[in-house]
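Chemist: Letter by letter, the chains look like this.
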Amino acid sequence: MRLQNRGIWSTGEPFIWLTGGALTMALLLVAGLIGLIFYNGMGFFWPKSVARVTFTDGAVMTGQIVEREPLPEKPGQFRIKLKVANRDLYGADFQWVDEARIARREYPPDVAVIERTEWGLLIGTIKDVRDGGRAIAVGGAAGWAEVQKRLAESERVRRQIRRIEKAEIGAINARQEGVRLKLKGLGLRGITSGPQVEALQAQLGPLQDEYQRQAARLADLRKTQSITVVVAGDGGKEKELPLAQVVSVQFPNSMGLVAKTADYVGNVWSFIADDPREANTEGGVFPAIFGTVLMVLIMSIVVTPLGVLAAFYLREYAKQGAFVSAVRIAVNNLAGVPSIVFGVFGVGFFIYFVGGSIDRIFYPEALPTPTFGTGGILWASLTLSLLTVPVVIVATEEGLAAIPGGMREASLALSATKLETTLRVVLPAVMPSILTGLILAMARAAGEVAPLMITGVVKLAPTLPIDGQWPFLHLERKFMHLGFHIYDVGFQSPNVDAARPMVFATTLLLLLIVVFLNLFAIATRNRLRRKYATSAV
Amino acid sequence: MAGLVSVAEGLHAPTSQGTIMETPMVEIEKVSLWYGLKQALKDVTMSMSKQRITAYIGPSGCGKSTLLRCLNRMNDLVDGVRITGNIRIGGTDIYDLAQDVTELRKRVGMVFQKSNPFPKSVFENVAYGPRILGVTNRSDLEGIVERSLQGAALWDEVEDRLQDSALGLSGGQQQRLCIARAIAVEPDVLLMDEPCSALDPIATAKIEELMLELKNSYTIVIVTHNMQQAARVSDYTGFMLLGELVEFGVTRELFTNPREKKTEDYITGRFG
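Residue numbers (the numbering used here), protein chains in the order written: chain A, 1 to 537; chain B, 1 to 272.
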């Protein structure tokens, strides 16, 4: 019998190319996406040079060149987008300019880019520095020298003011609120006079005195903030900017590579560590990072025991039959439910029912203001743990199925009870699978936004869920989340153009956090696998 | 029969099938077992002597392992099992409702066909049983582990590898580890279900040598499909066929002068 020559099909090469090609395409898509985010995200922090553009009709425009695209009506010609900033002076942050209209382009070294606490960036040249209306330094060079002298002090005073407002006056307010609530609680039980009431009211007096004292301190500090900087923009417009509002001043056109790199690192750090400003379009994302990580941690603490115990019951203790199969099918299907449905369930059950009951029983004096009967980090974490529990159950069950039955028999033959077998032999051996489930759960939870939007995430949270006041972890507080932040900054902000680069940076940050969480869990799993090498899950 | 060497020495001659002139340790009386509707054991009656090795031979599916697993109630783990009859170990009825199963399994240890060490270190494997029984003192545990590993003829090979994973040992070493693990709780009876079937001849020889030593401290019951092995190590042998105990007696007698025709057919290889 002669062997048929089937040509290239007999070597199996087409299939190798097909499978290899499919994998390559997938990898390219992922790499391309990550590369795009990386490039745009990291590019956001690089200090851009400022161009001064003179038009053919003599007008002048100063700003950073952020985009360049071909004109649709006139092929071969281009237009550039200038970030002129100075929203309070010009009205619009960005301007499109036809290149054909440009006569001259310069990069003057004395143009300053000033980051401030309101109205975004200020681009212009320093004219003079005043103290209470009286000029103390005139001209660009002298003005800059004066600003440099005073900027550190101004920053320190600003931080002190914020600290007094947030921490010290905040603590006084919290205590006053506590006393008020206790009085209301007594009132609800019919006690409106007597020693208890008087003791509480006696506390209010000293608190009020303390408040006045701190307020006076604030007033004194504010009086020292009398320095202003006068900055000249285009078209003769000027802005007198209080030094207290200045975050940083830079001259990008005269910065060398080293200075720009140092500034870049500084920008990255302040993005991660600072609070947001101006409706989340400026400043940093630290509260969102904090909220995301804390929520994922709380969710992990809840979902792991829940999922593991359920999987153990399904696999080890329940009598295998039609009922258990039905439960298993239901659990698997739960993984396919749209996440917004979990959000709605979270609102209805956790917030209204459970939260409302908690409020009625434990916090009646605060009503009608809800404490737990509204969105908060606890309910958001619980909702997400429901969302991810099927993943943990399935992964743990797979791990349990992979443990050879002989191991359990050996343990029982050594006079162990079923519980001892489960705890001493099965549980350590299934740990790698449990961690697999946890990794998958964390990855899914870090990316879900829809259910969070209705169970406790807000655009801007005034405080973090963890702070210095008892009980330190405030589970009823609303929080910020990176995923929601991306949505909010990208699509809900008043100034989408200004916000767009920030969306990339925030996306990159979220990716990095998820990768980091996963790497940590994977490293732990690998260490456990080496110790308990039985299954491949 | 050429080639069969009986190592059973100093025994009393048996009188009739099923009765022994020595101290009975395990007494099985008219035991029948059903897996659902299928009857796996039919009216088995016999005695096993203290500190002797008793072997069961027979073709696959004849019920040897089932009978063995009755002795430490491992059949309780199977759904739909029904047992009638009486089994007494050391005088007490093991199926008595007042009997605590875990207490029984301390007295009756088991070594399985496929070695199943836990995915822990060698030390932790052997110390597992004593820990369950409540021994927590580290030096006590170390003493028990050393004694058990020496009793299983494994100590020399693993004494500097106690903290390594047990899964890194060879097949023969793993099986000896399982034996060490079983004798660490100091049972009275040691059940061995085809302990050498997954091992090479050299490892098998080591374990057979081990069994002869262990005989001095434990009553051993071994199930094997290897007739030569039964002839080599056991004092008494029982031949089972289709759930029935066909013949039981001193090993040398059973192999050289079987009373039942079925036994003779099996031993000479005419079937099975």
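Hints were generated in silico from the structure; no laboratory data involved.
Beta carbons are placed, not taken as given, at the ideal position from N, Cα and C, and that holds for glycine.
Any given hint might turn out to be false.
Stated by the list, open to error - Some residues of chain A that are not near chain B, with every Cβ distance over 10 Å (derived):
hint	residue
1	L23
2	R52
3	E153
4	G236
5	I329
6	S415
7	W470
What the hints assert, rightly or not - Among chain A residues calculated to face chain B with C-beta under 10 Å, some are:
hint	residue
8	R180
9	P368
10	L414
11	T422
12	A429
Chemist: Does each hint hold? Answer for all of them.
Modeler: Results for each hint:
no. : hint : verdict
1   : L23  : 33 Å, holds
2   : R52  : 71 Å, holds
3   : E153 : 62 Å, holds
4   : G236 : 80 Å, holds
5   : I329 : 22 Å, holds
6   : S415 : 4 Å, violated
7   : W470 : 40 Å, holds
8   : R180 : 56 Å, violated
9   : P368 : 57 Å, violated
10  : L414 : 4 Å, holds
11  : T422 : 13 Å, violated
12  : A429 : 5 Å, holds
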